[in-house]
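S.K.: Here is what each chain is made of, one letter per residue.
Protein chains: 2
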Amino acid sequence: MKKNISSSEYKEGIIAGDRMILSKAITLVESSLPYEKFEASELIDQILPYTGRSIRIGITGVPGVGKSTFIESFGLQLTSQGRKVAVLSIDPSSSRNKGSILGDKTRMGKLSIETNAFIRPSPSGNQLGGIAQKTRENILLCEAAGFDVILIETVGVGQSETAVKELCDFVLLLMLAGGGDELQGIKRGIMELADMVAINKVDGENVKAGNIAKKAYQQALHLFPPNDNKWVVPVATISSLDADGISIIWPIIQEFKKLTTSNGHFEKNRQEQNLSWFRTGIDQALSSHFLENESTQSKISDLEEAISTGKISVKSAVNSVMDGLRNSTQTGL
Amino acid sequence: MKKNISSSEYKEGIIAGDRMILSKAITLVESSLPYEKFEASELIDQILPYTGRSIRIGITGVPGVGKSTFIESFGLQLTSQGRKVAVLSIDPSSSRNKGSILGDKTRMGKLSIETNAFIRPSPSGNQLGGIAQKTRENILLCEAAGFDVILIETVGVGQSETAVKELCDFVLLLMLAGGGDELQGIKRGIMELADMVAINKVDGENVKAGNIAKKAYQQALHLFPPNDNKWVVPVATISSLDADGISIIWPIIQEFKKLTTSNGHFEKNRQEQNLSWFRTGIDQALSSHFLENESTQSKISDLEEAISTGKISVKSAVNSVMDGLRNSTQTGL
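Protein chains in written order, with this note's numbering: chain A, -19 to 313; chain B, -19 to 313.
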């Protein structure tokens, strides 16, 4: 028997830090049923005054760089200091077992049983934009539930790195010593967008290579355009197997927050993110209203084929889509 | 007395390489009058079979790096080899004297009087997306008119670099020796997207610093993820005052074209660009149809203010815009 939770029960439960209610609220936000969409929107509005007080940290890097192990170590360190840590992720790939929390719980076995930690897998969906938007709302729900550190992990290859930048206050890029082919698959441009570079797995025989890589990245970052927020991107060597190595990360993030709060860029970045989400949200809503029916989608596919084979110009293809909408009495274009 | 040019006169004139007709066609494409929009769309379709045979080269870098002087030297070198060179630009800033070709002609005095060169300033407009889209169509018109090298210069600071990547086959990033503060204003991430880095103004007393910078950039680029197209980004020192220095650029671009043509990435990149323009074009068309009226714009401004001050969630703001459209009988949402 499914018990209906009222809007105020959701709100009170979340603010009281009730895990079960939080989980259900996230499921509500991720729902695509029209009625639940409306309910979710109301809920987000109600909890809005309780949001924004966390630090949102993106963790990115190629598969195999050790993101999960890092998050487990880092998360445990933070919870041991009394912090409440939520772990969310963005995974636009279809390969992963969606909706199952089992994968994450297995990957982060110790963190998942911590009272002060909350792990939730990536929202499902086919479009990165939609997935990222849901993750964004999940961040707000976790903040309202009292989590003060939100870790957002990118899972897919090459697509989700830009989205994480749009969601986070601070982006940590994990790298391996060696570079070159190990970097295959990471989105080009992300290195210049990272707020910190950490070379992971620098232990045992890797120490020498790690230190060489550190120096090389420091020199390379020096050639990048300076950040508007005056932050100088640090490079560190860490080992997720060694708690000491990890312990340098949190103080650096605190320094970042202090600097960017004092010069106004912390708040400015969040405001710009919100306005950008607003514009993207409108575009998505218009597009999903007008384009997500079968006949328009099939028309778009045909036009894409015609563009690819040089049979029609992009301009005419766009006109053709718009004419199609105009001729449909429903849309009144 | 204004003489009307028919659609077939446009087409024949452009294909015959008639400069006056080409200029008028570009003015037509840049027009925002509904009837002319339709005419422009037809024209682009008609010339489509004659397009695509040029190499589209983006030239980017901070103001003061010497883009115009470089383009003049490079352009003159190409025309002296019998190539036909068109110079277009993207300038989303409002500071420049729009519609006047005077600025460009003054900046590139010798190139502007070359028979085989054609210089056209940036289309006017407030939105980068719209400006870039018009530049894109201008590329097609110039190609149909027989220009085999299209140089696209970014003029604004920090915004147009990404757009140029979406328009071009090859992006040349001009840098100065020294880096650091000189990089202020360039869009972060562009260094990783460049297909070649050229350190400009390496002459006289700058030679030593130029060579040090070259080595540093070479090492830094080595740390970037490899390109899908297998291209290894070269770093060169050049001097726009010295024709010899410039002469290394064209053979490198030829090498790039040869490699990427043979592995299919040249064509693949253009196809992906076209599909991306198609999707952006639909979004822009929907948005301009539904959102570009005064009352919706003022509603959006109010909502942006409410978002910035934390009074409303992004989700609710999006819903509010969509509800507004739904209630208007005109749209039939």
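Please keep in mind that the hints were generated in silico from the structure rather than gathered at the bench.
A portion of the hints provided could be inaccurate.
Same chains, same names: a pair is fine if it fits in one copy or spans any two.
As the list claims (entries may be wrong) - List of simulated lysine-lysine pairs, DSS-like, C-alpha gap at most 30 Å:
#: 1; residue 1: K210; residue 2: K195
#: 2; residue 1: K90; residue 2: K195
#: 3; residue 1: K248; residue 2: K167
#: 4; residue 1: K17; residue 2: K64
#: 5; residue 1: K167; residue 2: K188
#: 6; residue 1: K167; residue 2: K237
#: 7; residue 1: K248; residue 2: K238
S.K.: In ascending order, which of the hints set out earlier in this document are inconsistent with the structure?
M.R.: 2
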